[in-house]
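Participant: Protein chains in written order, with our numbering: chain A, 2 to 126; chain B, 2 to 126; chain C, 2 to 126; chain D, 2 to 126.
Listed below are the simulated PhoX-like cross-link pairs for lysine-lysine, each with C-alpha atoms no more than 25 Å apart in a straight line:
| # | chain 1 | residue 1 | chain 2 | residue 2 |
| --- | --- | --- | --- | --- |
| 1 | A | Lys46 | A | Lys36 |
| 2 | D | Lys42 | A | Lys112 |
| 3 | A | Lys52 | B | Lys40 |
| 4 | B | Lys19 | B | Lys3 |
| 5 | C | Lys99 | C | Lys40 |
| 6 | A | Lys3 | D | Lys112 |
| 7 | D | Lys3 | A | Lys46 |
| 8 | D | Lys52 | C | Lys44 |
| 9 | B | Lys103 | B | Lys3 |
| 10 | B | Lys112 | C | Lys99 |
| 11 | D | Lys46 | C | Lys42 |
| 12 | C | Lys19 | C | Lys52 |
| 13 | C | Lys46 | C | Lys100 |
| 14 | C | Lys46 | B | Lys3 |
| 15 | C | Lys44 | C | Lys103 |
| 16 | B | Lys3 | C | Lys3 |
| 17 | B | Lys42 | A | Lys46 |
| 18 | D | Lys100 | D | Lys46 |
Since the hints were made in silico from the structure, they are not lab data.
4 protein chains.
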Amino acid sequence: MKINRYVDISTIDREAKKDYIDRHSAFIIAENTAKVGEKFKVKVKVGDEYKHPDDFDHFIAWVQLWDGENMLAQANFTAGAMGSQPENLEVDFYVVPKKNMKLISMAFCTKHGLWQSDEHLVEIL
Amino acid sequence: MKINRYVDISTIDREAKKDYIDRHSAFIIAENTAKVGEKFKVKVKVGDEYKHPDDFDHFIAWVQLWDGENMLAQANFTAGAMGSQPENLEVDFYVVPKKNMKLISMAFCTKHGLWQSDEHLVEIL
Amino acid sequence: MKINRYVDISTIDREAKKDYIDRHSAFIIAENTAKVGEKFKVKVKVGDEYKHPDDFDHFIAWVQLWDGENMLAQANFTAGAMGSQPENLEVDFYVVPKKNMKLISMAFCTKHGLWQSDEHLVEIL
Amino acid sequence: MKINRYVDISTIDREAKKDYIDRHSAFIIAENTAKVGEKFKVKVKVGDEYKHPDDFDHFIAWVQLWDGENMLAQANFTAGAMGSQPENLEVDFYVVPKKNMKLISMAFCTKHGLWQSDEHLVEIL
Numbered sequence: 002m003k004i005n006r007y008v009d010i011s012t013i014d015r016e017a018k019k020d021y022i023d024r025h026s027a028f029i030i031a032e033n034t035a036k037v038g039e040k041f042k043v044k045v046k047v048g049d050e051y052k053h054p055d056d057f058d059h060f061i062a063w064v065q066l067w068d069g070e071n072m073l074a075q076a077n078f079t080a081g082a083m084g085s086q087p088e089n090l091e092v093d094f095y096v097v098p099k100k101n102m103k104l105i106s107m108a109f110c111t112k113h114g115l116w117q118s119d120e121h122l123v124e125i126l
Numbered sequence: 002m003k004i005n006r007y008v009d010i011s012t013i014d015r016e017a018k019k020d021y022i023d024r025h026s027a028f029i030i031a032e033n034t035a036k037v038g039e040k041f042k043v044k045v046k047v048g049d050e051y052k053h054p055d056d057f058d059h060f061i062a063w064v065q066l067w068d069g070e071n072m073l074a075q076a077n078f079t080a081g082a083m084g085s086q087p088e089n090l091e092v093d094f095y096v097v098p099k100k101n102m103k104l105i106s107m108a109f110c111t112k113h114g115l116w117q118s119d120e121h122l123v124e125i126l
Numbered sequence: 002m003k004i005n006r007y008v009d010i011s012t013i014d015r016e017a018k019k020d021y022i023d024r025h026s027a028f029i030i031a032e033n034t035a036k037v038g039e040k041f042k043v044k045v046k047v048g049d050e051y052k053h054p055d056d057f058d059h060f061i062a063w064v065q066l067w068d069g070e071n072m073l074a075q076a077n078f079t080a081g082a083m084g085s086q087p088e089n090l091e092v093d094f095y096v097v098p099k100k101n102m103k104l105i106s107m108a109f110c111t112k113h114g115l116w117q118s119d120e121h122l123v124e125i126l
Numbered sequence: 002m003k004i005n006r007y008v009d010i011s012t013i014d015r016e017a018k019k020d021y022i023d024r025h026s027a028f029i030i031a032e033n034t035a036k037v038g039e040k041f042k043v044k045v046k047v048g049d050e051y052k053h054p055d056d057f058d059h060f061i062a063w064v065q066l067w068d069g070e071n072m073l074a075q076a077n078f079t080a081g082a083m084g085s086q087p088e089n090l091e092v093d094f095y096v097v098p099k100k101n102m103k104l105i106s107m108a109f110c111t112k113h114g115l116w117q118s119d120e121h122l123v124e125i126l
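Sequences are here, hints too, so could you generate the full structure?
Facilitator: In structure tokens, the structure reads:
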């Protein structure tokens with residue numbers, strides 16, 4: 002299973018490669034601390050500076066949210082949901098932590114496979 | 002296929018029935034107008050005044066977002082993601098409309114089946 | 002939520018309508034009796050006499066298998082999995098019944114919405 | 002992302018470890034050759050000699066079928082579909098190949114994470 006990972010695009014010269022890596026990468030946007038038993042928002046966004054196509058034969062079909070080895074949620078999308086235009090796909094999950102979390106997101110592009118986000122640690126206060 | 006629907010709980014006398022209906026019903030929370038080609042946030046929330054259990058044998062396993070007959074997205078959840086406590090499951094989808102939308106959400110409870118939200122119309126300005 | 006249902010196509014005159022209804026309808030192919038605690042095969046097939054396209058903008062994206070109000074399984078497909086040619090999508094689920102079952106299948110076409118199979122009753126011997 | 006892989010259990014001494022590895026591993030059972038444009042059956046089975054529990058808090062929630070970097074299908078299961086007893090979860094997918102395939106299956110256990118099958122090569126005659 003080939004899993005692609007984010008590479009800091011400021012270290013990459015070629016514009017096409019920056020675009021390719023950035024637009025496929027999943028990013029987790031969330032606070033770094035949470036309270037036990039309280040709803041905690043986790044945004045998963047695909048692409049930061051570059052947008053991904055939403056064409057019928059080339060789109061982001063799903064993203065998953067993991068806490069370590071446990072999958073919390075998966076959101077599947079139909080081509081066209083992003084208006085059939087380049088976009089940064091987003092979804093906000095809400096989870097209720099019981100202990101510290103090590104969040105990871107996976108994104109699947111129908112042409113360019115599976116992409117893993119960096120880890121996002123959440124400490125319980 | 003039995004599809005359960007929301008009933009205005011203020012018209013219901015019995016507390017247990019109010020709770021049963023409300024905590025299973027899917028609600029769409031979104032603006033009523035949108036702009037073509039711009040990202041539009043759609044919150045799907047399960048339960049309004051009452052919370053649903055998140056037990057291993059009884060939880061909300063998925064919600065779907067439909068625009069008329071076209072499914073836009075489906076989010077699946079693992080039991081425990083809501084902290085194994087009663088909660089109002091939530092997820093925010095972002096879609097990019099091309100024309101007026103007739104949003105509907107479906108929620109599936111592993112014990113009490115399929116629940117359909119009211120329609121939420123979105124007019125394109 | 003509009004749910005389309007199978008209509009016996011021998012009662013329909015117009016060829017295009019026969020084709021439209023048949024190729025979208027989900028069919029459950031399984032024995033009518035089962036043994037408690039033994040694995041039981043349930044084939045879900047979309048279309049009987051007519052095949053459905055597998056185009057990027059028009060394909061069967063998922064099928065669900067229900068026992069009454071309880072969903073047992075859902076299989077999602079990527080466009081192209083059927084070779085990008087007209088086909089009868091199939092998937093064999095294996096379930097282990099505890100009591101009599103009332104099986105229903107739903108199929109979702111990305112252009113023509115949701116289709117419900119006839120009920121298939123399974124009696125436990 | 003930790004991905005567990007099958008290890009030949011005949012090389013493992015401890016019975017509990019044999020059981021742990023075998024019952025979580027995904028196996029692809031299919032022919033090694035196929036014809037272009039013809040439906041091709043691919044069985045995904047979880048566990049070979051040992052069975053996995055189907056408890057509410059511990060079950061196989063989904064399996065995916067990949068051809069290299071392209072996901073062909075994902076089947077999700079509800080706890081209890083295997084009769085709430087130890088079983089080898091199975092699902093038969095049908096795909097139509099266009100060229101040689103490198104099939105891989107992933108299985109997700111709600112307690113013990115993600116498991117990857119060995120590769121299964123399919124040559125087009």
